[in-house]
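Q: My numbering numbers the first residue of the first sequence as -3 and each following residue consecutively.
Since the hints were derived computationally from the structure, they do not count as laboratory data. No experiment lies behind these values; they were computed from the predicted model shown. Heads up, a few of these hints could be off.
To be verified - Computed Cβ-Cβ distance ranges for the label pairs, DEER-style:
hint, residue 1, residue 2, range
1, 119, 18, 21 to 27 Å
2, 109, 39, 20 to 26 Å
3, 79, 252, 41 to 47 Å
4, 63, 225, 26 to 32 Å
No residue lacks a Cβ here, since even glycine has one placed at the ideal position from N, Cα and C.
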Amino acid sequence: MPELPEVETVCRGLASKLEGRGLATVVQRRADLRFPLPPDFAARLTGRRVARIGRRGKYILVHLDDQMVWLVHLGMSGRIILGPPEATPPGPHDHVVVLTDDGTELRYTDARRFGMMDLVPAAGLADCRALAGMGPEPLEADFSPAYLSRVLAGRQMPVKAALLDQKIVAGIGNIYACESLFRARLSPLRRAHTLTGARARRLVAAVKAVLAEAIAAGGSSLRDYVQASGELGYFQHQWAVYDREGEACPGCTCDRARTGGIGRLVQSGRSTFYCPVRQR
DNA sequence: CTACCATCCTGGTTGC
DNA sequence: TGCAACCAGGATGGTA
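Hey, can you work out the whole structure from these sequences and the hints?
A: Written as structure tokens, this is what we have:
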């Protein structure tokens, strides 16, 4: 599920229900996520109060009242769902179950266990292992055309790979990299160092617009629910190119029978969807 | 620095 | 219908 818009959507759901609440009971049902849960994880969380929910890239930041931050990454298949306790029996992939002091149940579910959780001191948050070196937030002002041109100067990598690199810009994954490049009319194969001037401006504007629209739609749902409430996001209905191989390009009037419509190629082992006519 | 690959897991879909 | 191959929103570490 989770790229920046999905994580942001989850965070908003968590903030409205969790801020100010105490964590009365914490049950750890399985500890071997991508990185094992820290020692005494459940005990260190129990009795704490949630001060504030934040986000950095694809990480959820749960600020606690003891100056620690509960860090959550959803990996590929992670979900956090809030609801009434025991609404459904715990499944084999419900790894952490938290009961708050107002009787809300938080369930962390992750079939593939690519997700991660950690507890880190708030004081050194930006320097912790997970967040150190992460690039700017794409919706903030410091993700600018000038920044993008500077950080990509001399880089031979394809621009698609650059967008996926969390050290260059935070929070973008495969779907939104494809959608942003389509919006900017830039080929995913273009060398990163050619992103200067108008092209850099187009890409930065496209990234910001696509992410903002996706957040407004509650993110994209594939096989998993997105929102903390369990509701589906609906941005998947607004995808221009992602998972639309062979369909007509929504931006072109060119003949699909001749061009083959939206194309798919594989870059660093991952599918890229794009319009070979419109994106150069 | 770069591209490419395998790896960590499970589950859903596709194709024979 | 059954079964195997393939694919998936991420990130890392190794290789050449």
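Q: Does each hint fit the structure? Answer for all of them.
A: Against the structure, the hints come out as follows:
Restraint check, residue 119 to residue 18: a C-beta distance of roughly 23 Å satisfies the suggested window 21 to 27 Å. Judged by the Cβ atoms, the range 20 to 26 Å given for residue 109 and residue 39 holds: they are separated by roughly 22 Å. The given range of 41 to 47 Å is respected by residue 79 and residue 252, whose C-beta atoms sit roughly 44 Å from each other. Evaluation of the 26 to 32 Å hint for residue 63 and residue 225 yields a pass: the beta carbon distance comes to about 29 Å.
Going down the numbered hints, you'll see the structure goes against none, and every one checks out.
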